[in-house]
Amino acid sequence: MAHDTAHHESNTGRIWKVFFILSVITIVEVFLGIIKPAFLVETTVISMKLLNWIFIILTIWKAYYITWAFMHMEGETKGLRRAVVWTAIFLICYLIFILLTEGDYVYEVFKAGYKSWDF
Amino acid sequence: METTVTKTGTEDKIWGGGNKPLKVSYGKMMMWFFILSDALTFSGFLAAYGFSRFKFIDSWPIADEVFNHFPFLHGVDAPMYYVALMTFILIFSSVTMVMAVDAGHQMKQKKVIIYMFWTIIGGLIFVGSQAWEWKNFIKGEYGAVETKGGQILQFVKPKEDGFKRVKLEEIAVLDTHQERAQHEKKSGIWYEQEGTLPTYTVNEIKAGFAKNTDLLIRTQELVPDIEALKESGNASKIAYATRLEKELVNPEERGEKAIYKREFSLDRLTNDAIGIVEGANLQHNEYGTPLFANFFFFITGFHGFHVFSGVIINIIIFINVILGTYERRKNYEMVEKVGLYWHFVDLVWVFVFTFFYLV
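Going down the list, the protein sequences come from chains S and E. Everything in the first sequence is counted per this note's numbering, starting at 1 for the first residue and increasing by one. Everything in the second sequence is counted per this note's numbering, starting at 1 for the first residue and increasing by one.
No lab work stands behind these hints, which were simulated from the structure alone. It is possible that some hints are incorrect.
With a straight-line Cα cutoff of 27 Å, these simulated DSS-like cross-link-like pairs (lysine-lysine) come out [to be verified]: (1) E:K167 to E:K230; (2) E:K108 to S:K17; (3) E:K23 to S:K78; (4) E:K108 to E:K23; (5) S:K111 to E:K246; (6) E:K261 to E:K164; (7) E:K211 to S:K78; (8) E:K246 to E:K157; (9) E:K237 to S:K111; (10) S:K111 to E:K148; (11) E:K164 to S:K36; (12) S:K78 to E:K261; (13) E:K206 to S:K17; (14) E:K157 to E:K206; (15) E:K237 to S:K78; (16) S:K36 to E:K159; (17) S:K111 to E:K261; (18) E:K28 to S:K78; (19) E:K230 to S:K111; (20) S:K49 to E:K237; (21) S:K49 to S:K111; (22) E:K337 to E:K20; (23) E:K148 to S:K49; (24) E:K139 to E:K157; (25) E:K159 to E:K28; (26) E:K110 to E:K164; (27) E:K246 to E:K164; (28) E:K110 to S:K17; (29) S:K17 to E:K111; (30) E:K135 to E:K167; (31) E:K246 to E:K211; (32) S:K17 to E:K13; (33) E:K157 to S:K36; (34) E:K206 to E:K148; (35) E:K139 to E:K185; (36) E:K28 to E:K111; (37) E:K28 to E:K135.
Quantities reported herein were computed from a predicted structural model and do not represent experimental measurements.
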């Protein structure tokens, strides 16, 4: 197969660097999750705690490194990369938007007294 | 005819055929599209989890309380340390996998064998850890009482700084006269039987609660921002805030579980309690809403199944590497393909970890 005959050089340096980045991000996440700084918990951005936004952004950052460096997406052609990544991102954002909006709506309906929770 | 077919005169044109625009082999491309579809399946599950969580946003269990065990540290509150360790093990097995792929590019069979071996070991440790997490969750720790409406009532006791959870066994006053036999198939209609009976009866817990006057009840509700509710101008929200302020011990502890004053605790227990919950399963969950348990079992179970199948596929490819299949084939693309799947499993875990344990 014509595939990959060109690159035989070793990438171990980059692999260890990415592992280091992933470890640091995980440690930061766990650390924040345990101490839960009051400031981050009390500040709300777009109806979610700032702390949760930080967790989600760090997670996406990790996902980027895993996909790009470990799964070697950075080395694939633009066509394949977009076919996989854009499809996933578009559909996931759409689904999350719809379901979370609906979930919040149902919560408000419950709260407004259609269903009593005080048994 | 033949001559017209073999020569179209468009061979060097971009649409002339024989062109590979994605510059990737069939197998690898299909692995990518499989991963894409599997990623969408997992996002469906996680989005559904988000839906249920938003629906019960003010009564969802706090993950730190549920997953706080660490092997060999009994009774030590170790929130998240173990999942953090599991995450590291999985990330590290991803690293050894990518090292195996890298060694494969250089046709170094021995190195591929060593790295794949460590990947498999990492995967097995991870699956084992997940089983252990399940065991702790199923077994539960403190136990709780369930109300008519399916709500959970837990028991706490004040201590110097805040409150301490109390186990059912510390509360129950055993009633030796009353024995409740478990209904079995043999003692009735053959297709009817009931599950394991709880260790205590509701009456034993009620008796113990009446006796220990410092015990209080903690519900699954999270204390809302009472000031904000009062200023909302919505009648039912104001009524809710006023009720909480009157009945709670900790109305100012926003985001914590609501703890009721002794009189209201006693009231709720005597009027509402109908059953005992120990641990978690698909119908009952001592930590809060059963939906949390359902999603936990389903999503981590589905992920664990992926890890398990990943280990199996890795073992198959590992054997092929040892047999020298890819040496003879003169390329290690197979290792790369299973590597993609293995990294995907790690990728999913990164999200499961965030949404189940952190957020």
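Cross-check of the supplied hints:
Of the pairs offered as hints, the one joining K167 (chain E) and K230 (chain E) is violated, with about 35 Å between alpha carbons and a cut-off of 27 Å exceeded. Restraint check for K108 (chain E) and K17 (chain S): satisfied, since their Cα atoms lie roughly 22 Å apart, inside the 27 Å limit. Annotation: proposed proximity of K23 (chain E) to K78 (chain S) holds, straight-line Cα distance about 10 Å (limit 27 Å). Restraint check for K108 (chain E) and K23 (chain E): satisfied, since their Cα atoms lie roughly 24 Å apart, inside the 27 Å limit.
Between K111 (chain S) and K246 (chain E) the alpha-carbon distance is near 19 Å, which keeps this suggested pair within the 27 Å criterion. Using a Cα cut-off of 27 Å, the hinted pair K261 (chain E) and K164 (chain E) holds, with the two alpha carbons roughly 15 Å apart. Among the hinted pairs, K211 (chain E) with K78 (chain S) is inconsistent with the structure: their alpha-carbon atoms are about 71 Å apart, more than 27 Å. Distance check on the hinted pair: K246 (chain E) and K157 (chain E) sit about 19 Å apart at the alpha-carbon level, within 27 Å; holds.
With a CA separation close to 8 Å, the supplied pair K237 (chain E) and K111 (chain S) stays within the 27 Å bound. Note on K111 (chain S) and K148 (chain E): the hinted pairing holds, with a Cα-Cα distance of about 19 Å set against a maximum of 27 Å. A threshold of 27 Å between alpha carbons decides the hint, and for K164 (chain E) with K36 (chain S) the separation of about 20 Å falls inside it, so the pair holds. Our distance criterion of 27 Å between C-alpha atoms is broken by K78 (chain S) and K261 (chain E), whose separation comes to about 63 Å.
Distance check on the hinted pair: K206 (chain E) and K17 (chain S) sit about 58 Å apart at the alpha-carbon level, beyond 27 Å; violated. The hinted pair formed by K157 (chain E) and K206 (chain E) meets the criterion: a straight-line CA distance of about 15 Å does not exceed 27 Å. For the hint pairing K237 (chain E) with K78 (chain S), the CA-to-CA distance comes to about 53 Å; that exceeds 27 Å, so the pair is violated. Using a Cα cut-off of 27 Å, the hinted pair K36 (chain S) and K159 (chain E) holds, with the two alpha carbons roughly 22 Å apart.
Distance hint between K111 (chain S) and K261 (chain E) is fulfilled; the C-alpha atoms sit about 23 Å from each other, no more than 27 Å. For a cut-off of 27 Å, the pair hint linking K28 (chain E) to K78 (chain S) stands: about 15 Å separates their Cα positions. Restraint check for K230 (chain E) and K111 (chain S): satisfied, since their Cα atoms lie roughly 14 Å apart, inside the 27 Å limit. As the CA atoms of K49 (chain S) and K237 (chain E) are separated by approximately 21 Å, the hinted pair is consistent with the 27 Å bound.
This hinted pair checks out: K49 (chain S) and K111 (chain S) have alpha carbons roughly 21 Å apart, not beyond 27 Å. Our distance criterion of 27 Å between C-alpha atoms is met by K337 (chain E) and K20 (chain E), whose separation comes to about 19 Å. Taken as a hint, the K148 (chain E) and K49 (chain S) pair is broken in the structure, with Cα atoms around 33 Å apart against an allowance of 27 Å. For the given pair, K139 (chain E) sits about 22 Å from K157 (chain E) by alpha-carbon distance, which is consistent with the 27 Å threshold.
Note on K159 (chain E) and K28 (chain E): the hinted pairing is violated, with a Cα-Cα distance of about 60 Å set against a maximum of 27 Å. Of the supplied pair hints, the one linking K110 (chain E) and K164 (chain E) is violated, its CA atoms being roughly 55 Å apart against a limit of 27 Å. Distance check on the hinted pair: K246 (chain E) and K164 (chain E) sit about 22 Å apart at the alpha-carbon level, within 27 Å; holds. For a cut-off of 27 Å, the pair hint linking K110 (chain E) to K17 (chain S) stands: about 24 Å separates their Cα positions.
Restraint check for K17 (chain S) and K111 (chain E): satisfied, since their Cα atoms lie roughly 20 Å apart, inside the 27 Å limit. The suggested pairing of K135 (chain E) with K167 (chain E) holds, with an alpha-carbon distance near 18 Å, which does not exceed 27 Å. Proximity of K246 (chain E) to K211 (chain E) is assessed by CA-CA distance (about 24 Å); at most 27 Å being required, the pair is judged to hold. At roughly 42 Å between alpha-carbon atoms, K17 (chain S) and K13 (chain E) are farther apart than 27 Å, so this suggested pair is violated.
Proximity of K157 (chain E) to K36 (chain S) is assessed by CA-CA distance (about 24 Å); at most 27 Å being required, the pair is judged to hold. Among the hinted pairs, K206 (chain E) with K148 (chain E) is consistent with the structure: their alpha-carbon atoms are about 15 Å apart, no more than 27 Å. Between the alpha carbons of K139 (chain E) and K185 (chain E) the distance comes to roughly 25 Å, so the proposed pair stays at or under 27 Å and holds. The straight-line distance between the Cα atoms of K28 (chain E) and K111 (chain E) is roughly 22 Å, inside the 27 Å bound, and the hint therefore holds.
Distance hint between K28 (chain E) and K135 (chain E) is unfulfilled; the C-alpha atoms sit about 37 Å from each other, more than 27 Å.
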